Every structure is written in C-alpha cells, then in structure tokens.
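Based on the provided sequences and hints, a complete structural model is requested.
Protein chains in written order, with my numbering: chain A, 2 to 431; chain B, 2 to 431.
Heads up, some of the hints might be wrong.
The list makes no distinction among identical chains, and a pair is therefore deemed to hold if it is satisfied within one copy or across any two copies.
Straight-line Cα separation of at most 30 Å, DSSO-like style, residue types lysine-lysine; simulated pairs [said to hold, decoys possible]:
(1) LYS108 to LYS15
(2) LYS15 to LYS343
(3) LYS104 to LYS151
Treat the hints as calculated values from the structure; they're not laboratory data. From a predicted model like this one, the values you see are computed outputs, not experimental measurements.
Listed here are the chains, written in short residue letters.
Protein chains: 2
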Amino acid sequence: MSLRLDTGDAGFAKAFDALVDDRRESDAGVSRDVAAIIADVRARGDLALAELTAKFDRFDLDAQGWSIGLQECAAAYAALEPGLREALDLAAARIRAFHASQKPEDKDSIDATGARLGSRWSAVEAAGVYVPGGRAAYPSSVLMNAIPAKVAGVDRLVMVTPTPGGSVNPLVLAAAHIAGVDEIWRVGGAQAVAALAYGTGRIQPVDVITGPGNAWVAEAKRQLYGVVGIDMVAGPSEIVVVADAQNDPALIAADLLSQAEHDPTSQSILFTDDTGFADAVAAAVEAHLPTLATQATARESWATYGAIITVRDLDEAMPLVNRLAAEHLELAVDDPDALFAKVRHAGSVFLGRMTPEAIGDYVAGPNHVLPTGRRARFASGLSVLDFMKRTSFLQLNEGALDAIGPAAVALAGAEGLPAHALSVALRLDR
Amino acid sequence: MSLRLDTGDAGFAKAFDALVDDRRESDAGVSRDVAAIIADVRARGDLALAELTAKFDRFDLDAQGWSIGLQECAAAYAALEPGLREALDLAAARIRAFHASQKPEDKDSIDATGARLGSRWSAVEAAGVYVPGGRAAYPSSVLMNAIPAKVAGVDRLVMVTPTPGGSVNPLVLAAAHIAGVDEIWRVGGAQAVAALAYGTGRIQPVDVITGPGNAWVAEAKRQLYGVVGIDMVAGPSEIVVVADAQNDPALIAADLLSQAEHDPTSQSILFTDDTGFADAVAAAVEAHLPTLATQATARESWATYGAIITVRDLDEAMPLVNRLAAEHLELAVDDPDALFAKVRHAGSVFLGRMTPEAIGDYVAGPNHVLPTGRRARFASGLSVLDFMKRTSFLQLNEGALDAIGPAAVALAGAEGLPAHALSVALRLDR
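Structure (structure tokens):
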C-alpha cells in the first residue's frame, strides 16, 4: 500500500518534506572501481577493453567481433514485423521534426558604437550513445539519444552496447539503422564510457556521451565530465499526476503504474482534490497490478515510493508539485493551462485527460530523456543543444575601439593585468 | 624562449600532436580531501563551515561576521574613483544587453494530427557565484557571472567569497552592487561550494553554482555536479592568434602576453605565414616583458607553453586551430570572415586587427567565462542558458491520440512495458 497524505493533516508539512528529501538514488560505492577501470582503459586501450569485456560480459571481442556492422542493422530493420516497423518509423519522424525545431539561431549584429557582436552554433564532431544490454535495451532510447545528435549535425555517431554472451536486441539494431548511427561497438559498462572519452586503438574518441546505464556507467560519465560533455546525471524515473474526480480512475491508475513498472525505485505520486477519487485510483491500481507482466516491479515501487496526496483544491497542489520538480507531470483536468501557468519546475508536462505520459516515451516528439530526482529545478531534457556548442565573436572598428577601449584599459589596470591594458592601449594610440 | 614550429618541418605533425595533447591541468590529487570537506559540511553545516574557515582563511565567522551587507557593497560602489565607476557601469550595461539577447524563446504549436507540442523556459530559483579571494579577485568576473543570472531571472543570487584574515576587495563589492547580488557570505574553498549545494543552517541551498576558483573549488563543483548545476570545468587560460605580416608585431606580442600574464600555465600560440613577422613578434614579446609588473608569470608561461608556428598560408593554419579548440582566437587579418568560416571549435573569436582579446574580458558584452583545454569542441561560454531550464509539454486531443496512440501501444508492447501500453490503450478504447 502506498503512502496516503492530506494537506489538512497535522503532520503534513513534515511528511511532505520527507517525501521531497527522500533520495531514491543509492550511493552505490562504485566510485573507486570505476576510477580504476577508466585508468586501465586510458593506459592500455583495446587490451583493457577486451579483458574487461571478457570478464563482465563473457564475450571475446577478438574472437567474436568488436563491432556490429551497419548492414546487420539494416537487416534487423527489414526483418521487423511491419506494424512495429511503422511504429518505429512514425516515432523517428516525429522525434526528428520536434528536435529540428530546437535548432538555435546564430546572431550577428552591429551596435551603436559600431561593434559587431554575435554568436554562432556548431555541432560537435563526434558523439557516443550508450545503450544498455539485456532487459533495459529499449529501441525508443536509441531513437531519443541518436536522432537529436544527427539533427544537430554530428558527423560521427558512435553507439556502444554490451552484448552479454553475444546476445543482441534486434529492435535496438533496427532503431540504430533508423537513427543513422555510424558505428556500433560491442562494449559496455564503465570501460565503454572510458573508451569513448579517451579513445583506444580501435575506437576513436568522441566529444559528447549520452544515454542511460547502470550505476557504473553513470559514475563513469560523472567522472569523465569535463573530458567530454555528458547529459545530465540520471536517477530512477518518476511521475506526478494532478487529477480531479472527473477522470476515469482506471486511466490514472494506469498512468501511475507506467512509471512504477520501470524499476522498484521509480516513484508515482497522485495529487487530487477528492478523497473518493483517491480511493478509487488506489483500488484501480490494485485491480491492474495482477494483469501486468511487470507486476512484481510495479507493486514494489508503488508500495515503497508511491503516494496519494489529497488537497483542498488543485491550486493548493501546485507549490508542492514545484517542490517535487518531477521528471513527468500530468495535469489531467479540463483546463490544464491554468495549472500549467503555475508550474515552474518539471521535466515534461502532459496536459489534459487524453495525454498519458507513455505517449511521450515513444511517439510524441519531445525527448524522453528528462531530469530526475528534483533536477528539473536546474536541468532540461536532452535536446539538440546537448550536441552543439556556441562560439561568440566580436569585431571592433576604430570607432568602436575608441568608444569602449578606454574602459577596458581602466579595468585591466585596476585588476593588475598590465598586458591586457597594453594590448588595448597600443591600438588606441595608433 | 617559446616553442618554434613550421608546418614544413619533418617532425611537425608529431610536435603539433604533442602541443594539442599537452595537458596543462594538473591532477591536483585533492579529490579525497574535497570529498571529506563536502561530507563534513553536509553533515555538520554551519559548524563545519566555521571550523574550516578558521583553518583555511584565518577568519572567525561567528566573531567577525558571516556575511557582507548589501549596504557595504553600495558604499564600495559610491567610493569608487569616478573613471573606474564609469568603466564598470559601461561594462555592466554592455554585458547586460548582450546576455538579454540570448534569452531563448518559448515554443507552442499544433501539428497535423492536432497534437499540441512545445517547450517553455524558466529561470532557476537560486544561483551561487563563487568569487576567489586574494590576487584573483576580479570585479569583471563578478559581472560576467552575476549579470547573466539576473538577466535569466534568477530570484536569489548568492555570492560566496573567502576573506582571508578579513580582507575584502572593494572592487568586487562594487561589482556585486552593480550586478544585483542578493547575499554575500564570507566563505570560500570546497566548503563554500558544499554549503551552496546542500545548504546549511544559515545558507539556503542554490540550484546552480558558477564562478572560477582554485583546484579545490573546481573539484568540489565537479563532485557536486548533479546535486546542482555547474558551469563547465575550467582550466588555465589560452589564446591562439592567427596573424599576417601586415600587423604591428608589438600589438600581436601584447595580445599573446595578455594571456601569458594570467598564470604560469596559461598558453599563447601564434600562427603566421611570415617568418620575419614571427621573429619580430618574438622580439616584441621580449621587449614588452620587462615593462610588465606581471613579468615573472608572463615569462614563465611564454617560455613553457608559448609557441609560434609558421605556415605556408593562413588557410593551412585553420585545421590546426580547430584541433586546438582554443578558449580565445584572434583572426588579425583584413578579411577575418574568410578565416572565421573555417573555424569550427573556439570559445570566442576576435575578428580583425582592432579587436584585442582583452576587450572581450571586460567591456565588449559576450561572456569571458569560456571553455578551456580543448573543451570548445563540446562546450560553450557562460550564458543565460546556464541559469535556465526548459520544460517540454504535450497535449493530445482525441484525434491526435487516435493518430499516434497505436504506435505507442506497439512499441510499449515490444519493450515489455504493459502498463505503458495500458495507459494509452484504455484511452483509445474510450
């Protein structure tokens, strides 16, 4: 049974604080092991990669092959059941269109002094996408990571994925084909992230690494932040649903379970203004659970981290929603814009009764890689910007230099940097 | 004497590789100490802060005061020498205008299926700016970090700065006044970064931390990345100058020295197509050096990391320039746009003969916090975006759900996530 709170309860503030502060992310204590793996791959390259892959994935890279060919991906795509192929194609087309609209504009203008100022965006040359092996190998995740990179203009898109015992997921290969991945290497774990960051004999280094992974992969990305760019540190998935009593409890229950089934540490929270509806959703969750192949995971998540919070009215929920700064937020009401105007922190928002969060996981277009663990307070979902960088530029003519140069000389002098002052003063004295 | 290379030399490729790979950033080995300080501040809050500040800064927070009042900043501003006050005001106005032009636009549109899609930007609630004490306490750095935060719309802007032995830099306080800093705490080092990230009894936590610092500060930010947002990991400053023989060697020499004087590990590199000009710049560097109060630092940097590279023509320099991906790049030629079109990786570019890099450090408008150590391959200078985040949103009507919902059901089924499929299928069966 999940947590039940009411904002009118005497102990509500304290109980809600505990909910907000609850860290579902374990300090896995892998930091030292990951540092050793990174150092090993950096020093010994392919040799270290082969040894670590034999050890962790029971896979002999030299004997069984280091990479997966693009023709194998094309074949996996061609062999897809037609309905699934169309679904992946539709998802890819919509993701591509949404991310194309994110491409930033260059700026180039001249101000009143005659100074030309601007900024120019360009793509990174190479990006790496980590794709987990086994159960969590999701083709949707390949599309969500790889398509923004290609839309950004990345020249070389490298996928790494462990193939434990040699197994590959044909859906993942098909998605790599659709997304335009350029290389695929059969490596995983912290060693794969290290290989992408520093390069090895076989694998050329990349500039940015994205994609989900286990605690070792996440820690490797964290440790290599600065050597390469990475996407935001990711934790367990979460959803907050704000719903009035006009909703069908069975639908809202399914929405809550769609996060709970991801992982035992996932979190689903419902805010509603109607106690009877709260009871009905709780009952609907119990009714759905036995029908799900993911029952064990979903039940554990819901029992451990799930919560239903009753509020006097839905406006009262909104400051609480902002404190949770959830990855996913559903506003299942007739006029979602009124509530949405009060949302300051959320990864992605699903408006109205006909917008289940799962649509956003697959086919809507916006990215499903979103900030978790209250990081929506400062972080954004994955976008083309993660694969691009901005170069600012400046051009002065003599008039502009005369207008603003003396101030630079004064400030450089005050900061005790005489060569800075000299480089401007010599030009003023022309 | 700095390094001299010519692209025609037999050993050029190898020597240039070494220049590119040369890591001027020391692994300072402070990682464990910083982790201990962070854990201490997180556990003991103000008590730990007071002890660490007494130890490292010889400053008694409880007896001498934890914070610097805003009225003290206003007084420092009022007491500025008028020329300096005008220079700071001009710099602030130009920085504010440039960063205001960076504010991203929200998107909200409806596609062919009737699906509403968009994204909305918002500022983080609180940001922290680290300002070093002592020699490297630069008012320009306060402006460059604080103004973008305020332009972004940050509600609460917190400055932390160590005041060793009680000393404060009035220029820094004046800059804090101009920039609109809301709180100033007399703490520094890894302990100040930890206090900003986790909060203490006195200091409320922030969402993003930016600003330069020593190896301990940089490591603390790196370790706390994910708990808060941070700006890019920063290393020693650097400049690459591409100049033909039509330049005055004394000007180009001053430009090279304006980076060299920052730190013994700073780097200045000149590309030119004229050996005589190369010799003249080298001689001008030697002539300038004895005139500079920063001579010792500049001489050590130039001797250790400086380089002059002669090329057959300036176009030949451009792929080499891109490999260096420098923080600052000057294109000192008559037609800089032709060369600029070939620049893919650079933090900030200074076009033409009248645009010394130092102008950009102070008064031009673009940010002087820029990616170093080849990170311009994947990172950008500080901007309003570092203090904002994007929330994507989606709203389906029944028609849009019918159009794209079945594909989501198919993909959820293929990924083994039945509650995802259920949440969509129940709405399709309405």
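So, going through the hints one by one against the coordinates:
1. Within a single copy, LYS108 and LYS15 get their C-alpha atoms no closer than 49 Å, and across copies no closer than 38 Å, so neither meets the 30 Å cut-off.
2. With identical chains, the CA atoms of LYS15 and LYS343 are at most 30 Å apart within one copy only, with a shortest distance of 23 Å there and 58 Å across copies.
3. In this assembly of identical chains, the alpha carbons of LYS104 and LYS151 lie at most 30 Å apart whether taken from the same copy (12 Å) or from different copies (25 Å).
The structure fails hint 1 only (numbered hints given earlier).
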